[in-house]
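Visitor: Here are the chains, one letter per residue:
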Amino acid sequence: MKSADPDSSFDSVEAGHEMHKFISELYPICRSITGNGVRQTLSLINKRIPLEIKEVPTGTKVFDWVVPKEWNISDAYVKNAKGERIIDFRKSNLHVVGYSIPMKKRVSLSELKQHLFTIPEHPAWVPYRNSYYKEDWGFCVNHDQLIELSDEYYEVCIESSLKDGHLTYGEVHLQGDRDEEILISTHICHPSLCNDNLSGIAVAVFLAQYLSSVSRRYSYRFLFLPTTIGSITWLALNEAKLSHIKHGLVLACLGDTGAFTYKRSRRGNAEIDKVAEYVLKYSGRDYKVTDFYPYGYDERQYCSLGFNLPVGCFMRTPNGQFPEYHTSADNLDFIKPGALAESLENCLKIIDLLEKNVWFVNQNPKCEPQLGKRGLYRPLNTKGEPPIEQLGILWVLNLADGDHSLLDIADRAGMSFDEVSKAADDLMRAGLLKINKD
Amino acid sequence: MKSADPDSSFDSVEAGHEMHKFISELYPICRSITGNGVRQTLSLINKRIPLEIKEVPTGTKVFDWVVPKEWNISDAYVKNAKGERIIDFRKSNLHVVGYSIPMKKRVSLSELKQHLFTIPEHPAWVPYRNSYYKEDWGFCVNHDQLIELSDEYYEVCIESSLKDGHLTYGEVHLQGDRDEEILISTHICHPSLCNDNLSGIAVAVFLAQYLSSVSRRYSYRFLFLPTTIGSITWLALNEAKLSHIKHGLVLACLGDTGAFTYKRSRRGNAEIDKVAEYVLKYSGRDYKVTDFYPYGYDERQYCSLGFNLPVGCFMRTPNGQFPEYHTSADNLDFIKPGALAESLENCLKIIDLLEKNVWFVNQNPKCEPQLGKRGLYRPLNTKGEPPIEQLGILWVLNLADGDHSLLDIADRAGMSFDEVSKAADDLMRAGLLKINKD
Amino acid sequence: MKSADPDSSFDSVEAGHEMHKFISELYPICRSITGNGVRQTLSLINKRIPLEIKEVPTGTKVFDWVVPKEWNISDAYVKNAKGERIIDFRKSNLHVVGYSIPMKKRVSLSELKQHLFTIPEHPAWVPYRNSYYKEDWGFCVNHDQLIELSDEYYEVCIESSLKDGHLTYGEVHLQGDRDEEILISTHICHPSLCNDNLSGIAVAVFLAQYLSSVSRRYSYRFLFLPTTIGSITWLALNEAKLSHIKHGLVLACLGDTGAFTYKRSRRGNAEIDKVAEYVLKYSGRDYKVTDFYPYGYDERQYCSLGFNLPVGCFMRTPNGQFPEYHTSADNLDFIKPGALAESLENCLKIIDLLEKNVWFVNQNPKCEPQLGKRGLYRPLNTKGEPPIEQLGILWVLNLADGDHSLLDIADRAGMSFDEVSKAADDLMRAGLLKINKD
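Residue numbers (my numbering), protein chains in the order written: chain Z, 424 to 861; chain U, 424 to 861; chain B, 424 to 861.
Rather than coming from a laboratory, the hints here were simulated on the basis of the structure. None of the values given here were measured: they were computed from a predicted structure. Don't take every hint at face value.
Any copy will do: because identical chains look the same in the list, a pair fits if it lies in one copy or spans two.
Straight line, CA to CA, 30 angstroms or less: simulated DSSO-like cross-link-like pairs of lysine-lysine [unchecked claim]:
| id | residue 1 | residue 2 |
| --- | --- | --- |
| 1 | LYS759 | LYS806 |
| 2 | LYS557 | LYS857 |
| 3 | LYS857 | LYS664 |
| 4 | LYS557 | LYS796 |
| 5 | LYS711 | LYS444 |
| 6 | LYS492 | LYS806 |
Bound conformation, chain Z alone:
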């Protein structure tokens, strides 16, 4: 079986284009934190990677929260005096404020304006808005259109329903050699918005596909959830499973062309934090690593005080730091196949490193073993220095006490993980190392 190492047999260019195509399929769907948009999304995911789809009834108590009513929408518009649809849900689902209650009435321009949202700084863009926990209604339009509204009265119609139903989410579990899990979580509640977060969905799906076909030391759990209420619901219903989670990543905003950003887990020095930083450091590209802060995506729930799971957040440009964020400009043009491909590659590198980052124990700790008789000795150069392969072997022997991971050893030796990992392979074959049970 293949390993998780993306170098071995992986066409990232093709994967980038396929992810972009998949995002195009998901783009038109009107998603929210509940409803049929979520179900359609999960159904498209399910075609690519078998998914367990869970339905949690409205009213279910999940910690301090309650699963909300289910929201669905079939049509919505604002008609002018001539009866023309001047704002039309069928053109873009962003036009309706998410969780808008059903509505059909004639309103004055001034009343209408109280329910219209625009972005004055970007007058051609339509904003993304919702009102999950307060019953209300509204439309989002570009600012240019708002300015031109001149009729005295308008007909407003929202054919939505907000009633008891379910919160829907999807889960993929890939059993590995061990029950210890790596959690990959991504949110699926945004309507026609590409970077935030169809990019995260696509990368997670392709990651799951890839990992399902390779040998795995760890088990993997992928969660496709509405943000906040989704992760809270999952955590509330799955507390017994949390002790298996050894590492985790929230994936978001992975399709733009900005530099990568890794936001550390609340622990700050968890293995996932070291590994993600290592991969970015050796990527040869600009990147940013930030300490945890208690807002952002679902890492805020995984890293809440009572759980403090070792879950970081992997992004390119973070939420709110690109102007297209939560606007109609976060569209299919904004995200690039090459950017998605590179994001997937880095996720695979992080996972590959987690898979390989083992704690070894030197089986011959007293003095160096005689490497020559095992074919592992390489003579010093004329400066009296061992060549790099020999160095790796000497460092691993010197530090493999069961408390230093291979990444710790690489870090201490100032060598790359691959060099140290290669040395550990040689020593394992020679019977000089044993894996520390951990």
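With the hints as your guide, set chains U and B onto chain Z.
Guide: Showing chains U and B alone in chain Z's frame:
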């Protein structure tokens, strides 16, 4: 009742002038480590804040030391050949070396000179000198006067007494909600010297006055002591009380216009150290924080190895670092009402922060609580960032594990203490926090 | 008896010349990891410092290794067609590859060339080579000579023997007041090479001589060993003694004029690491301190994972970092009497500091003791600062808790070890300190 927060109802300009006036009353008194000067000083303090005055007999063993004989002086002079008082205790008590033994004799100029002290670099200033633990006598004069002495013989007279008596000190105890105490200690043994340390006395007295009128989580203990032997005596006689001392400050040199200096406790990272540094950092003014060193004022006794109390020293320009130090130039002109006022304000800010710096425990640690239903939710800005009030709430919820104080949380969040404290108040009202018993 | 302090009675200039002379005696001997060259070397050492000479039989199992056959050589040459010795072991023992097997045959130029080693970058120098663990033969020549070889056939003769015998090493043990030991280890397996490592041998011998004549708190163990197999052998046969080793130094490359280099023990913060760095820091000369790395000299065995002894390596220019390294240019001219003298001096300073670096406990920890009545009080200067002797006393009293060594106190106080040590002496005499048993 008012809180210790100096912003609420406190006229610092007026306080500055009143402190200066109080110092003017104290200035003429001839203080030393024992004697009636100390008693007169404590009696003036007692008019402003009720004081317990303690008398410890000469000969009392206090650790490695013994309470010395009591020294009193009524007059002293040097007369020239014409019988004129050319050095006169009645003009300034600095003219006599403290603890000078009684003396009346005719001396040659050369003998006299062996008992005269001057400051050649500042020929117009009179130095301050004493000889506590070696029986001797002497006079301090300005260098210009020394040079002009030309008579062959002089009459020396010191009408002092050095006999069994008492060491006198004053103590104020303000009971708070808890028995845990904040110690404020200041020395009262210097004669006509203003910055060192009538300024410290004045600030301590006004601090005690202020605190006596407000609600207090902590109890407070103010000590007005002769330096070294006074704090040693107090520590020796009050060992049983030391476990109550949670924080402490030695106050000195608080009337000059130099930048503030905080000298850390020996522990270096005690809460008082963090709080004092925080207050200075947010003061918007230059300041200096130094690590502990085992000389200076009475912190050297509080921070001796066997006690290691969390006591720092709060000053403006430290002892020895201003030319007027221990000279007649450390007079009523050298200290300024505005400087005294600012010193008092900063002391109040430190104390207010200690009063408010609580360890909270999040009562809903698993995932975030639903803030909206408690009226604590504020929507994200267009950049997807929570406004500052929301940030404070999220940080407190995320870190209130009973091990992080509010100041620790502010530090980690990069927010001001007030912002974080406000958030904690909101969360307390919503029942989402409990104070950690500590 | 004298102390280890080299200042007291030590003529370093003379010692430098004597060490150089001693190296001249050792220089011609053909040493290897076994054989009579080692025995002759130990016999010359034995004339200067009584030595226990150990013989460990070929085949003895020492951890993962086996003591190899003993190698001896009496003559070796290559003759040209005219029968002239064009390569001659009698001119320099570097000409024969160490551990070359016996050989007598006629070879073609092309076969000969496969067994000739040169340094093209330094065509006038002869390299140093050996083949300990693979049976082979060869000659080392200067590159100029290699180029000029033009005869078709040559006569090769190596009169060596490689048979069961012994590995020989020398040991000096100097009993001190305590059984705890300082280990000094140096390798003796290099033939006519001066800096690496006749310099190390000479400094170790003179150090042993000096220490044998002074009072010692610690015991000392000097090891004169063939590198790698020697230290492995000693460790394997002396495991029971290792718990006595409190500090250790490997000595090498101490005769060149480069700056000093201290390579830390694997622990990185062992007392020897702090002490060696302190001595170099206060030497007023350039120096380098490097973290441990698992190649170099015998510290790689002492610091292997299973032992992790507090052993550093003291050098001037490290192995491989000077061009003359392992070539005929590392000769008697390359090393200087003054450089050897300075190396010895620094070793003595390190040892003196280890001898004096005591953990004290303040016997009067509550408040300062009254220094005046013990003659230890010195008045403050006009800046209110204690003079340096007083400072030392105050710092030692404040920090002598049994957990801070004198060096730790010096470091915290920003004072020199001598100043702090002097203060501790004064306090010991006054009965105010006790040595912590450690």
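Visitor: Determine for every hint whether it applies to the structure shown.
Guide: A quick look at each hint next to the structure:
| no. | hint | verdict |
| --- | --- | --- |
| 1 | LYS759 - LYS806 | between (49 angstroms within a copy, 22 angstroms between copies) |
| 2 | LYS557 - LYS857 | between (58 angstroms within a copy, 29 angstroms between copies) |
| 3 | LYS857 - LYS664 | both (29 angstroms within a copy, 29 angstroms between copies) |
| 4 | LYS557 - LYS796 | between (75 angstroms within a copy, 10 angstroms between copies) |
| 5 | LYS711 - LYS444 | within (28 angstroms within a copy, 58 angstroms between copies) |
| 6 | LYS492 - LYS806 | between (73 angstroms within a copy, 28 angstroms between copies) |
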